[in-house]
Amino acid sequence: MRVLLIDDHALVRKGIGELLQSRGAQVVASVSSGEEGVQRAVELRPDIILLDVKMPGVNGIETVERLRAAGVTAPVVMLTMSREDAELGAALRAGAQGYLLKDMEPEDLLPALESVLRGESVVAREMVGTLAGIVRDDAGSKPAARCRADPFAELTPRELEILEHVADGSSNKMIARALSITDGTVKLHVKSILRKLGARSRVEAAVRAVEHGLGRNRKRPGIRS
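Residue numbering for the sequence shown is 101 to 325, as defined by this note's numbering.
It cannot be assumed that every hint is accurate.
[Stated by the list, open to error] Below, computed lysine-lysine pairings styled on DSS-like, alpha-carbon distance capped at 27 Å:
no.: 1; residue 1: Lys114; residue 2: Lys154
no.: 2; residue 1: Lys273; residue 2: Lys296
no.: 3; residue 1: Lys273; residue 2: Lys154
[Said to hold, decoys possible] Distance ranges between label pairs, derived from CB positions:
no.: 4; residue 1: Lys114; residue 2: Glu226; range: 22 to 28 Å
no.: 5; residue 1: Gly124; residue 2: Asp185; range: 31 to 37 Å
no.: 6; residue 1: Lys287; residue 2: Glu135; range: 32 to 38 Å
no.: 7; residue 1: Arg168; residue 2: Leu119; range: 24 to 30 Å
no.: 8; residue 1: Glu205; residue 2: Thr173; range: 25 to 31 Å
no.: 9; residue 1: Arg258; residue 2: Gln121; range: 37 to 43 Å
no.: 10; residue 1: Ser280; residue 2: Arg225; range: 28 to 34 Å
no.: 11; residue 1: Leu288; residue 2: Glu205; range: 43 to 49 Å
no.: 12; residue 1: Glu118; residue 2: Met181; range: 30 to 36 Å
Just so you know, the hints here were simulated from the structure itself, not pulled from any lab data.
Every residue gets a Cβ at the ideal spot worked out from N, C-alpha and C, and that includes glycine.
Could you build the full structure based on these sequences and the hints that come with them?
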């Protein structure tokens, strides 16, 4: 795993870098500003980008937007102390695949990044309730054309079955094992589910599914989703 760190605090960059490297990840660059982060991302093409939200000059949200505008497709995970609802929503809308808090358990960081590299989204457990509110607010603000008949009715039986597992917090690999199908097949179904539900991420689909009454365990997704 080749990681690019973007954080204006040198001590934080050093600590996170040493943590990741001690677990086998490679930190390809560690920079203090969004501007330099975008430049290094274009040059180095990292596998994943860890990015702070509150930075002087170009903040983390603007940095995500600049990364996407520059053609950088590597997944971005926000790693921050901010628990502000608006910043979680803005980060996900800008194109981030995850939102984690800096006071998380150190041993949980690398597994969370590995989940993102498998195509999943991650949100800190403490922020899942906020995410549910964002999903509800977004749904209420969508044009009537997108709020047509129940989108869950468009899902096939197999997609509903897979969504049940997603709502329970299962990864693609776990779903494939449970249903005796391949990881690739699960991934295709998940993409179709997101499209039909109009969801931007797996986390959003899981929250909406739970609110719709799906999920055998009836629990909201946590750090891994």
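Q. At the C-beta level, are Lys114 and Glu226 separated by a distance inside 22 to 28 Å?
A. holds (25 Å)
*Would you say the C-beta atoms of Leu288 and Glu205 sit inside 43 to 49 Å of each other?*
The hinted range 43 to 49 Å is violated for Leu288 and Glu205, with Cβ atoms some 33 Å apart.
Exercise. State, for the Cβ atoms of Glu205 and Thr173, whether the hinted interval 25 to 31 Å holds or is violated.
Key: Given range 25 to 31 Å: holds, Cβ gap about 29 Å.
- Under the criterion that the straight-line Cα-Cα distance not exceed 27 Å, is the pair Lys114, Lys154 satisfied? Answer holds: Lys114 to Lys154 is near 18 Å, not above 27 Å.
(message) For Lys273 and Lys154, compute the direct alpha-carbon distance and say whether it is at most 27 Å.
(response) Cα-Cα ~34 Å, so violated.
Original post:
Do the beta carbons of Lys287 and Glu135 sit within 32 to 38 Å of each other?
Top reply: holds (34 Å)
Worksheet item: Is the gap between the beta carbons of Arg258 and Gln121 within 37 to 43 Å?
Response: Taking Cβ atoms as reference, Arg258 and Gln121 lie about 41 Å apart, which means the hint holds.
- Pairwise beta carbon distance, Ser280 to Arg225, judged against the given window 28 to 34 Å: holds (30 Å)
> Quick one, are Lys273 and Lys296 close enough, alpha carbons at most 27 Å?
Replying inline: Holds, because 22 Å separates the two Cα atoms, which is no more than 27 Å.
| said: Within 24 to 30 Å: is that where the Cβ-Cβ distance between Arg168 and Leu119 falls? | reply: At 27 Å between Cβs, range holds.
Exercise. Taking the CB of Gly124 and the CB of Asp185, does the distance hold inside 31 to 37 Å?
Worked result: holds (35 Å)
*Using the C-beta atoms of Glu118 and Met181, is the stated range 30 to 36 Å upheld?*
This hint is violated: roughly 19 Å between Cβ atoms.
Of the numbered hints listed earlier, those contradicted by the structure are 3, 11 and 12.
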